[in-house]
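Protein chains in written order, with my numbering: chain A, 26 to 373; chain B, 419 to 740.
Honestly, the hints are just simulated from the structure, not real lab data.
Please note that a few of the clues may not be correct.
[Unchecked claim] Here are the simulated lysine-lysine pairs, DSSO-like style, with alpha carbons at most 30 Å apart:
#1 B:K548 with A:K310
#2 B:K548 with B:K483
#3 A:K230 with B:K548
[What the hints assert, rightly or not] Pulled from the structure, derived: some chain B residues nowhere near chain A, Cβ distances all over 10 Å:
#4 P478
#5 P494
#6 G586
#7 T588
#8 E633
#9 I649
[Unchecked claim] Partial list, computed: chain B residues near chain A (C-beta under 8 Å):
#10 V527
#11 I557
#12 L613
#13 L674
#14 L693
Nothing here was measured: the structure is a model prediction, and the numbers come from that model.
Just so it is clear, CB atoms sit at the ideal spot from N, CA and C, and this is done for glycine as well.
The residues making up each chain are set out below.
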Amino acid sequence: MEFDFAEEQPKFLMLMYGLIAFVVVVGGLLLLLDVVPAWFARRREAQLVAASASGAPLPRRRRQGEGLFALFFLLPTLLLLTVGLVVPAIRTTLLSFMDAGSTNWVGLRNYGWMFSDDSIVRVLINTLIWVVLVPLIATGFGLIYAVLVDKARFEAVAKSLIFLPMAISFVGASIIWKFVYAYRGDGDQIGLLNQIVVSLGGEPKQWLLESPLNTLLLIVIMVWIQAGFAMVVLSAAIKAIPGDIVEAARLDGVSPWQMFWQITMPSIRPALIVVVVTLTIATLKVFDIVRTATNGNYDTSVIASEMYNQAFRYGQNGQGSALAVFLFLLVIPVVIYQIRNLRQQREG
Amino acid sequence: MTTATPTVAVGTQKTDGTPSTTAGRVRKRLNSRTATLISIIIAVFWTIPTFGLLISSLRPEDEIKTTGWWTAFTNPQFTLENYQQVLFGRSSSSGQLASYFINSLAITVPSVLFPLAFASLAAYALAWIKFRGRDWLYIAIFALQIVPLQMALVPLLKFFSTGVTVGGVTLMPAWDLVDEQKFAQVWFAHTCFALPFAVFLLHNFISQLPGDLMEAARVDGATHPKIFRTIVLPLIAPALAAFGIFQFLWVWNDLLVALIFAGGGNETAPLTVRLAEMAGTRGNEWQRLTAGAFVSIVVPLIVFLSLQRFFVRGLLAGSVKG
């Protein structure tokens with residue numbers, strides 16, 4: 026019954042190895058960069074002394090040091106990015122044109138499968154619902170709340186309450202909300218949602234089994250986590266609107282609604298776009314919530330969770346890779362939109 | 419949330435007491451009472467689920483399973499038994515979360531330190547060392563941010579399990595890690611995936627340091643490593659803190675990377691993996707799920723609340739300047 030601390034020791038040992046590796050690699054790199062140039066400098070000094078003593082022309086100073094420094098500063102990052110991200114991404118693209126065991130080329134069959142298999146089409150539709158609703162609702166709540174609590178007496182506390190879910194893992198958040206959605210067949214309800222339904226005279230339901238409602242209930246979890254992010258960024262943008270613009274408008278006698286739509290909204294538009302884009306990308310990759318709450322069952326699966334299932338549970342490397350590539354393709358237009366916007370902003 | 423307000427608008431409060439920001443005026447006209455009511459409703463909606471979980475985790479098992487947590491106010495019965503069970507219980511169904519908690523810790527610490535060090539070195543080079551192709555390299559690293567990590571999972575796992583062989587020549591043997599050695603895989607994966615954003619965020623800060631300072635140091639004969647250690651590192655400490663918190667929350671809360679590279683056993687899997695598994699197989703054992711969820715939440719919550727201002731600063735720098 027007692028927890029055995031001794032069994033945990035290998036982990037601490039491993040952690041220590043990790044930390045030692047860290048000190049050796051980073052410290053070693055810095056030391057190397059310190060010692061080697063110093064050695065060269067001393068040699069050059071000796072050369073100079075020797076040259077001036079013998080009256081020979083001074084050796085020309087070589088200039089390649091800078092580039093060499095840059096190389097060593099960048100070496101760990103470039104190495105890791107190549108091995109861990111660039112090469113794997115290229116390989117995934119290739120794998121998406123191969124069969125389950127990655128031995129034969131199958132052309133576009135995996136992509137054809139994606140758009141013809143009914144269950145996968147359902148996955149794509151779910152992802153679309155997520156991507157449309159989450160940024161919209163989370164940004165909406167964030168904006169309303171930022172406006173409402175701006176300059177209120179308890180602003181700091183009020184904002185912290187909304188912001189706090191950002192620290193909670195998607196897994197933790199899913200458990201929190203699964204508890205809200207919990208169902209009991211007989212006796213008292215233990216889930217808040219069913220309790221509310223019952224007290225209003227309705228029948229309790231197994232919420233997470235009811236498609237398509239369950240997808241919306243999972244979206245609530247994501248909105249609950251992300252609204253705080255939208256709120257913080259938008260609140261900062263609202264506070265950055267110059268006071269004299271507001272003052273001028275006030276002297277012109279515009280109504281508060283006009284003020285909101287004609288001054289606040291245009292002023293915070295760049296921040297608004299950043300929030301929507303960031304949330305869109307985060308939503309496209311959502312995995313943990315679906316996996317924890319329903320494991321992708323009952324018609325709730327999305328691209329990222331389906332990719333995991335195909336590649337790591339069913340051993341379908343080709344189909345899993347095709348889904349990953351498709352996910353990547355979906356991100357690209359969003360990013361291009363963002364970049365174009367930034368450029369317009371700088372020029373305008 | 420005290421420093422979420424980098425630039426408070428000039429003349430926020432007029433002498434006659436009317437708020438002069440647009441939002442303040444909208445709020446005022448909206449009838450202050452309605453506005454307060456709506457914001458309170460939103461705040462309650464955002465807080466109640468977590469609150470219910472916390473209350474439940476402290477109630478006896480029979481109570482949790484038969485009555486709603488709101489009845490605890492009329493019939494208060496509290497116990498720490500759930501936490502005792504879920505953390506230290508020996509039976510396989512109890513959770514054994516203490517063991518997973520240590521795993522989370524062992525995964526997170528190096529996964530924060532490595533990208534922090536590598537990225538600050540790289541960001542310095544990209545900002546202050548002149549070499550050919552510098553701008554292109556920065557753009558390339560910046561662009562890698564948009565590659566979803568799903569794109570790297572299958573080949574990277576293969577890389578660990580079979581090594582690298584080109585034309586029959588083994589360039590790198592398989593890692594063949596067992597048990598707690600698998601931490602190294604997770605560190606590696608997290609470090610790779612974190613680097614593009616880390617380089618981008620730290621470059622934002624480092625490139626804004628005054629050029630005169632660097633010039634002066636160079637004239638005094640300081641080399642790049644010396645400038646980096648003695649001038650740059652102390653100056654970008656807030657940025658390092660900001661990214662450190664980001665990365666800490668990201669790694670501690672991550673499920674996907676851990677699921678694939680750490681395996682599911684109590685030798686390596688972090689809290690998130692264990693909790694997701696419990697939610698799937700023991701979905702009605704609420705006495706364990708509630709306590710377990712709270713165990714996993716408490717560390718990031720403490721980090722987050724104590725270092726919030728760094729986090730917000732990093733958030734604004736990372737997203738708005740983007």
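Checked hints:
no. : hint               : verdict
1   : B:K548 with A:K310 : violated, 37 Å
2   : B:K548 with B:K483 : violated, 66 Å
3   : A:K230 with B:K548 : violated, 65 Å
4   : P478               : holds, 13 Å
5   : P494               : holds, 17 Å
6   : G586               : holds, 17 Å
7   : T588               : holds, 15 Å
8   : E633               : holds, 14 Å
9   : I649               : holds, 14 Å
10  : V527               : holds, 7 Å
11  : I557               : violated, 11 Å
12  : L613               : holds, 6 Å
13  : L674               : holds, 5 Å
14  : L693               : holds, 5 Å
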